[in-house]
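*Asks:* Sequence:
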Amino acid sequence: MEHQDADATADAAQDDVKAKFREALARKQKGGAHPGGQGPEGREAAHGEHAAAGVKREFRRKSG
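Residues in the sequence shown are numbered from 6 upward in steps of one, following our numbering.
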């Protein structure tokens with residue numbers, strides 16, 4: 006009987022976790038905090054004065 010109670014408790018806890026994840030997924034799919042991958046003000050995060058100033062990046066091969 007104790008084994009069945011432990012299984013029921015574990016199942017209830019697992020169902021609660023699954024419900025929380027489903028709610029979070031629904032919020033994410035709905036477009037939660039920052040829809041479209043944009044910053045908090047609704048514009049793209051890395052454009053404007055803080056973006057790279059058109060400088061070509063220089064990549065160096067590892068020497069060792």
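Don't read these hints as lab results, they were simulated from the structure. As the structure is a computational prediction, the values presented were derived from the model and not from experiment. Hints should not be assumed to be uniformly reliable.
Simulated crosslink set (SDA-like; lysine to any residue; CA at most 20 Å straight-line) [unchecked claim]: (1) K25 / K35; (2) K33 / V22; (3) K35 / A17.
*Asks:* Next pair to validate is K25 with K35; report whether the Cα-Cα distance is within 20 Å.
*Replies:* holds (15 Å)
*Asks:* Given the hint that K35 pairs with A17, test it: the Cα-Cα distance must not exceed 20 Å.
*Replies:* violated (27 Å)
*Asks:* Has the given pair, K33 with V22, been kept, meaning a C-alpha gap of at most 20 Å?
*Replies:* Distance ~17 Å between K33 and V22 Cα, so the pair holds.
In terms of the numbered hints stated before, the structure departs from hint 3 and from no other.
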